[in-house]
Structure formats: C-alpha cells, structure tokens
Amino acid sequence: MIALVDCNSFFCSCERLFRPDLKNKPVVVLSNNDGCIISRTQEAKQLGLKMGGPYFEIKSFCRKYDVHVFSSNFSLYTNISDRVMSTLEKFSSLVEIYSVDEAFLDLSTCQNDLKVMGKKIKQTIDQEIGIPVGVGIAKTKALAKVANYLAKKSDEVVVLDNEEVVNDALKLVPIEDLWGVGRQNQIKMKALGIMTAYDFKNYDNEKHIQSVFTKTGLQLKKELEGISCFSLSKATPKKKSILSSRSFGQVVTSKEELKKSIAYHISLAAQSLRKQNSLCSQLYIFLRTSYYGKTEFHSKTTQINFSVPVDDTLFLIEQGMKAVDKIYQQNILYKKAGVGLEKIVDNDSYQLGLFDRPNNERKTLMNLMDQINNREGKFTLKSMACGVDNSLWKMKQDFKSPRYTTSWNDLYKLK
DNA sequence: TCTGGGGTCCTAGGACCC
DNA sequence: TCTGGGGTCCTAGGACCC
Numbered sequence: 001m002i003a004l005v006d007c008n009s010f011f012c013s014c015e016r017l018f019r020p021d022l023k024n025k026p027v028v029v030l031s032n033n034d035g036c037i038i039s040r041t042q043e044a045k046q047l048g049l050k051m052g053g054p055y056f057e058i059k060s061f062c063r064k065y066d067v068h069v070f071s072s073n074f075s076l077y078t079n080i081s082d083r084v085m086s087t088l089e090k091f092s093s094l095v096e097i098y099s100v101d102e103a104f105l106d107l108s109t110c111q112n113d114l115k116v117m118g119k120k121i122k123q124t125i126d127q128e129i130g131i132p133v134g135v136g137i138a139k140t141k142a143l144a145k146v147a148n149y150l151a152k153k154s155d156e157v158v159v160l161d162n163e164e165v166v167n168d169a170l171k172l173v174p175i176e177d178l179w180g181v182g183r184q185n186q187i188k189m190k191a192l193g194i195m196t197a198y199d200f201k202n203y204d205n206e207k208h209i210q211s212v213f214t215k216t217g218l219q220l221k222k223e224l225e226g227i228s229c230f231s232l233s234k235a236t237p238k239k240k241s242i243l244s245s246r247s248f249g250q251v252v253t254s255k256e257e258l259k260k261s262i263a264y265h266i267s268l269a270a271q272s273l274r275k276q277n278s279l280c281s282q283l284y285i286f287l288r289t290s291y292y293g294k295t296e297f298h299s300k301t302t303q304i305n306f307s308v309p310v311d312d313t314l315f316l317i318e319q320g321m322k323a324v325d326k327i328y329q330q331n332i333l334y335k336k337a338g339v340g341l342e343k344i345v346d347n348d349s350y351q352l353g354l355f356d357r358p359n360n361e362r363k364t365l366m367n368l369m370d371q372i373n374n375r376e377g378k379f380t381l382k383s384m385a386c387g388v389d390n391s392l393w394k395m396k397q398d399f400k401s402p403r404y405t406t407s408w409n410d411l412y413k414l415k
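When the letters of the first sequence are read in order and numbered with our numbering, they come out as residues 1 to 415.
Calculated from the structure, these hints are not laboratory results.
Be careful, since some hints might not be right.
What the hints assert, rightly or not - Below, computed lysine-lysine pairings styled on BS3-like, alpha-carbon distance capped at 30 angstroms:
#	residue 1	residue 2
1	K255	K50
2	K343	K294
3	K394	K300
4	K188	K207
5	K25	K326
6	K275	K240
Generate coordinates for the entire structure from the input sequences, incorporating the hints supplied.
In structure tokens, the structure reads:
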C-alpha cells in the first residue's frame, strides 16, 4: 500500500508557523512579482478567492475582508519542506518526494493498521513541524491520490483497501479532479460520457483510451483498477532540463538590461547544473512581452548547440549574449526573459571532440565560485555581465516575510 | 500600473539510412 | 500505363503536474 501525504495550503501554512496570530484567518501567498495567488488557506477559499487569480484584481477585496497577503518566500518554504520530508522518512524506508508539499510513502511492510498509521503521520508532522497534512492510502499512486483528495474534504485519514471502498470513492471524484486529467483531456473524457473517475475505470475499450489519451492515459486507468503502472522511486533523478526565468517588475526595452537579466539567469541555471554534476549541450534563451499587454504578444526564442557539453558559466554567458543580439528587437516592451539548459549529460562520461581538451583552469574557477557563493550567498562572486544594478528588472515583492529559518539576519526575535 | 515558475512525458512527422 | 519497403533517430509541440 502507498500513502500520499500532502501539506494543506502549504505556503500559507509556512507563513502561519511564524505568525500564530493568523490562525483561522484568511491568508494568501502570491507568485513572484506579486502577480497572482498560488496558495490559499481554507478561510481564503471560502471567501471565494481563486487559485491563480491576479492580485491587482482582488487587492481592495483583500483589504476589505482582512485577508493577509504574503509575497512568496521560497527559501522559507523549501526549508520547511525539507523538514517535513525528513520527518516522513521515519515512517517508511521508501519515501518519494513528489513535490515541495507532497510525498508518496511505501507502506507495504507496515505491520500496523493503516488508518492508525495515517493518523500517526498527521500527528507527528503537526507536532514536530507544525504543518497540517492530509493522508490518503491505497494500492497505487493514482488511488492514493484519490484517497488524499477525499481526505482533504473530510480531514480524516482515508484508506481505500478493498474493491467496494475503491469504487465508492471513485464515484465521488469528478473526472476533472482526477490526477492526470487536465483541461484538454476532461473535455474529451466528457465527450465519451466519462463523468467520474469510476466511469473512467469502467470504460471498456482500452485501445480507444490509448489512442485518445496516449500511453499515460491508459496507465492512469490501470492504476485506478489497482494495477500499478507508476512505480515509487526514492532517488531524486537528475534534471533533464534546467530553466531559469522571471517576469520583470516593469517593462524593459533596453538591450543592455535584457543582457544583464539573461546573464543572471544563466548564472543561476549553470550553478544548478554543476550542483547535480551535469553538463549541457544546448542553451536556449527567450525574450517576450506580456500576455496581457495592449500591443500584440511577441515572443522570440533561440537556441545554441555545443559540440562538447559544458557547465562553464562564463562560456554560457558569452553564448547567451550573442543569442540576445540575434533575437532582440527595438521598441518591444519586454516583460519576461529566461534561459534553459538542455541535452543534459553526466560530467563524468561524455564525448569530447578528437582535438578538444577540457579547460581545467575554468573548472577550478567555477568550483571556487560555487564554494564562495554557497558559503557567502548567491552572487557574492559573479560575472560582471550580470551588472551591479538590476533595479530595472528586479521583481516586485511588497509583502515578503523574513527568512526565519535560513538567514541569520532574519532570525525570529524574542524579548 | 498590475496576470508565476519549473519541470516531465508522449507522439507525429520529418530527416535520414539501406 | 508505370516509381518499394523497412527501419531509426530527432525534435517541436502539446499535454500534464506542482
């Protein structure tokens, strides 16, 4: 059996940890740039605030109903997430961290009653970390997701441990709420008369499912039948692509400013590439305007391939600057820029060209830079291409809480 | 004024091979 | 009159997730 443990309103719950006065009050957390809502407490949901809703539209509403608003504080959230995950490891030797606020636990060797086990997990996380979680337990990942979905509604631990219980549960899940069914597929499902997860499980034409919803769709159906198709894995696999991008706090038109932001993103992405001991053979960059602007949407992407894979920030920046020259256009109101590193390979086994020699000096320099930046903080040592003043494209964060758990300067102060 | 960021997987179709 | 058959590899784009 597999448990899915998922933190309730995770980002909001993290904020509440250090603001106990916000208990039972509506709280929301905004995306980067204070753009839109990405986490809501139950109270905020009840007020009708929507996930993904733009903040500027609900600003006065929040003031009126005393909704507490936070900018996102990811260093806090990832730190709390790490604590939750390591606590979960006490309950199973196989914990798959599925996202910042969710994990699958293998409970196949669990001797106790599963419901009791689920309650124990809830209590422990609440007591040791202070974050409320929901627990759903079932035979496959997809069914554990269903169990968790129902657990959230009742605040009980839900265990789906026999056919009848599973069927009853699946009838309660509208097809659009099923894990793996998104905006497009729910339309197709409904056209086939599939309105609930139960209908999907019992749809009897597998070939048709495969052709309409691809291999993944068929796997999902089998998972609902109790046949495991998505296995649990502990190891966090290396990333196959690494992205860094950000919307600007304001519109940017200057090529020099765009170059600085691209250099900045390349620095971040390359550092994360080196962290997982990888190299990349492709760099792509993009510049685009706002989706919502008055002028027509404009977006340009370009990519550069390297015959020998690299992880050298300075080399990548050099290439990135050329790429900006290629796609930049004057009089465009740029609102977002970003880079991606692709075709990622391990740095201990890759193909050199016949006449290529690794640049060991650069390697030493990158190592040193990473060491210093890990110790002293990001961008302590950086390429001057990133510039010294990024106020023009810096993001907006008007409601950011202190980094209580990751910065000495932000430590919680007691009288 | 103002709408996020970072990922994975799958498939069709093009390019190529003999 | 009339022009084969069987493959592999790669990529862009679309779907999904949080």
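Structure-based check of each hint:
1. A C-alpha spacing of about 37 angstroms is found between K255 and K50, which places the hinted pair above 30 angstroms, so the restraint is violated.
2. Between the alpha carbons of K343 and K294 the distance comes to roughly 36 angstroms, so the proposed pair goes past 30 angstroms and is violated.
3. Only pairs whose Cα atoms come within 30 angstroms are accepted, and K394 paired with K300 is accepted, the gap being roughly 21 angstroms.
4. In summary, the hint linking K188 to K207 is supported, as the alpha carbons are separated by about 15 angstroms, within the 30 angstroms threshold.
5. In summary, the hint linking K25 to K326 is not supported, as the alpha carbons are separated by about 50 angstroms, beyond the 30 angstroms threshold.
6. Distance check on the hinted pair: K275 and K240 sit about 13 angstroms apart at the alpha-carbon level, within 30 angstroms; holds.
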